[in-house]
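Peer 1: Under my numbering, the first residue of the sequence shown carries the number 6, and numbering increases by one thereafter.
Among these hints, one or two may not hold up.
[Claimed, not checked] Here are the computed distance ranges between Cβ atoms for each label pair:
#1 Glu154 x Asp87: 46 to 54 Å
#2 Glu154 x Asp18: 45 to 53 Å
#3 Pro174 x Ala105: 25 to 33 Å
#4 Asp18 x Arg184: 48 to 56 Å
#5 Glu37 x Ala103: 20 to 28 Å
#6 Asp18 x Met186: 44 to 52 Å
#7 Ala25 x Lys122: 23 to 31 Å
#8 Lys56 x Arg184: 48 to 56 Å
#9 Asn58 x Ser124: 52 to 60 Å
#10 Leu54 x His172: 22 to 30 Å
#11 Lys62 x Arg219: 15 to 23 Å
#12 Gly114 x Gly168: 15 to 23 Å
#13 Asp201 x Asp39: 24 to 32 Å
#14 Arg219 x Asp87: 15 to 23 Å
Calculated from the structure, these hints are not laboratory results. Glycine included, every Cβ here is placed at the ideal spot set by N, Cα and C.
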Amino acid sequence: MPKVSDILYIQVDSGDREEASKQFKARIAEAEEDCLYIEIPLEEKTGKLKKLNLGDKLSAYYVNDSGVKHSFRTFVIGFKDDGIRMVSIRKPVPEQIAKAQRRKYLRVGAELEVAVKVSGQLRFVAVTKDVSGGGLSFVCDGQWSLRNEQPLFCWLLLTFKNGSIGHIPFTGEIVRLKRLMTGEQMVMLQYTDIADTDRQTLIRFCFERQFQMRKH
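Using the sequences and the accompanying hints, generate a full structural model.
Peer 2: Structure, rendered in structure tokens:
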């Protein structure tokens with residue numbers, strides 16, 4: 006079930022195709038037995054506040070700590086002003102929540118800068134090919150001597166579509182190496198030590214990137 010501090014990703018069910026395609030996000034501020042109080046939604050693309058009206062129908066999803074996407078439909082049932090303006094939406098019952106269970110984290114193509122430290126003084130900057138909540142792959146110069154199961158200490162630069170930037174430090178382990186025709190090498194790794202909050206940021210980035218790709 007969605008809980009306080011979870012981020013809801015929302016689309017308004019509207020007859021206007023352009024409006025219906027917009028995605029907003031809002032933090033759950035309070036929860037009661039049959040309703041959730043969310044902060045005023047922000048449009049992800051522009052950062053503008055979204056005014057909701059009583060009775061507006063919404064499609065929403067959130068991602069739990071295990072990286073599983075949960076979707077449900079709801080509607081606006083009221084408003085509350087308790088220091089901050091909040092919107093009250095109908096709380097879904099468990100049977101109304103669709104769980105997109107995956108064995109693996111959602112993986113999306115993305116060219117992002119990642120700083121890599123191998124050991125001692127060996128450091129270099131590479132560009133990712135794809136990322137997920139469980140690992141990533143990047144392409145680097147073929148001169149670097151790397152091997153399977155080797156630990157890497159990395160710093161990933163995330164760029165969101167609203168212009169915000171995130172820095173994700175993590176330790177990873179190489180699971181596969183592939184030599185490319187260009188002389189470069191592709192490195193596939195899994196995270197072995199990453200903060201839960203940083204993993205959640207990566208998961209949200211992947212869902213956002215997937216949403217963007219579906220629009221084009």
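Peer 1: Report the numbers of all earlier hints that the structure fails to satisfy, in ascending order.
Peer 2: 7 and 14
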